[in-house]
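For the sequence shown, position 230 matches number 230 in this note's numbering, and the numbering has no gaps at all.
Please note that a few of the clues may not be correct.
Stated by the list, open to error - Derived pair list, reagent style BS3-like, types lysine-lysine, alpha-carbon separation capped at 25 Å:
(1) K179 - K200
(2) K146 - K219
(3) K179 - K146
None of these hints come from the bench; they were simulated from the model.
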Amino acid sequence: MFSVIVVPDGSQGPDTQLRLEPGQTLRFGRTDPQPAGSGPYLVMEHAGVSRSAGELTACATFWTLTNRSRRQTYVVENPEGAGEHMKVGPGRVDAPVPFEFSRVVLPAGNDLVGFEVWAPRHDYLEDTGSTGGEPTALPFPLDRTKRYFLVLAALCEPRLRGEPHAPLPTVEQVVERLKPVWPAVNRTTVQWNIDYLAVKLRLKPPAESSLPGPRLNGKKESLVSLALRFDLVREEELHVVERQPR
Numbered sequence: 001m002f003s004v005i006v007v008p009d010g011s012q013g014p015d016t017q018l019r020l021e022p023g024q025t026l027r028f029g030r031t032d033p034q035p036a037g038s039g040p041y042l043v044m045e046h047a048g049v050s051r052s053a054g055e056l057t058a059c060a061t062f063w064t065l066t067n068r069s070r071r072q073t074y075v076v077e078n079p080e081g082a083g084e085h086m087k088v089g090p091g092r093v094d095a096p097v098p099f100e101f102s103r104v105v106l107p108a109g110n111d112l113v114g115f116e117v118w119a120p121r122h123d124y125l126e127d128t129g130s131t132g133g134e135p136t137a138l139p140f141p142l143d144r145t146k147r148y149f150l151v152l153a154a155l156c157e158p159r160l161r162g163e164p165h166a167p168l169p170t171v172e173q174v175v176e177r178l179k180p181v182w183p184a185v186n187r188t189t190v191q192w193n194i195d196y197l198a199v200k201l202r203l204k205p206p207a208e209s210s211l212p213g214p215r216l217n218g219k220k221e222s223l224v225s226l227a228l229r230f231d232l233v234r235e236e237e238l239h240v241v242e243r244q245p246r
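Work out the full structure: start from the sequences and follow the hints.
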């Protein structure tokens with residue numbers, strides 16, 4: 001049973017993909033130093049890639065990455081995670097990768113080269129319902145039927161649509177994006193909801209607090225960073241900016 005599929009750049013289909021069973025290791029680099037038939041190897045034909053660049057090992061429900069480079073840090077990106085990534089430093093052995101879909105990126109001269117890894121589907125505990133007692137307080141209570149969630153979704157939309165480094169929309173752009181579902185929206189109402197979210201998500205104290213705290217710079221960036229880090233807005237929820245809210 002295969003648990004990991006490696007998709008090289010330029011792959012033309014299943015015949016050019018590499019499939020690994022649990023416990024199997026795939027080495028990759030500029031040249032294949034192994035004897036023929038000694039195991040799978042991914043050749044990355046670029047002068048900037050080390051001859052023996054690294055290896056990945058398939059496990060039952062995840063995979064690990066070893067960086068054999070002496071100088072270069074590799075990056076593993078989560079294409080579905082709106083900029084989520086992890087770094088694997090030079091010489092790091094068996095770094096566990098938590099993403100179900102990944103892109104391994106290697107710096108190579110003036111270029112960035114890499115390949116994709118499709119890992120096993122993640123397993124989750126079943127919801128067995130309440131066990132009695134007081135319910136656990138929600139850390140970020142958001143009502144997805146409210147206007148402030150519309151504003152938060154509009155702010156997160158560019159990065160959730162597959163552009164992890166996209167600039168955040170301006171207040172004016174948020175107004176234009178929300179007009180079809182919120183005709184009365186304007187710059188003042190959007191800015192008010194941004195300020196409200198900053199308080200609700202505990203990025204700044206409420207106005208009536210006796211402890212005013214420091215001024216929050218980069219408020220939109222802080223809101224979007226927090227929302228994406230903890231999945232407060234998911235890609236499948238972006239439909240709220242395309243229909244009339246309740």
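Now the hints, each set against the structure:
A C-alpha spacing of about 24 Å is found between K179 and K200, which places the hinted pair at or below 25 Å, so the restraint holds. Our distance criterion of 25 Å between C-alpha atoms is met by K146 and K219, whose separation comes to about 20 Å. Straight-line distance between C-alpha atoms of K179 and K146 comes to about 15 Å, which keeps the hinted pair within the 25 Å bound.
Checked against the numbered hints above, the structure violates none of them.
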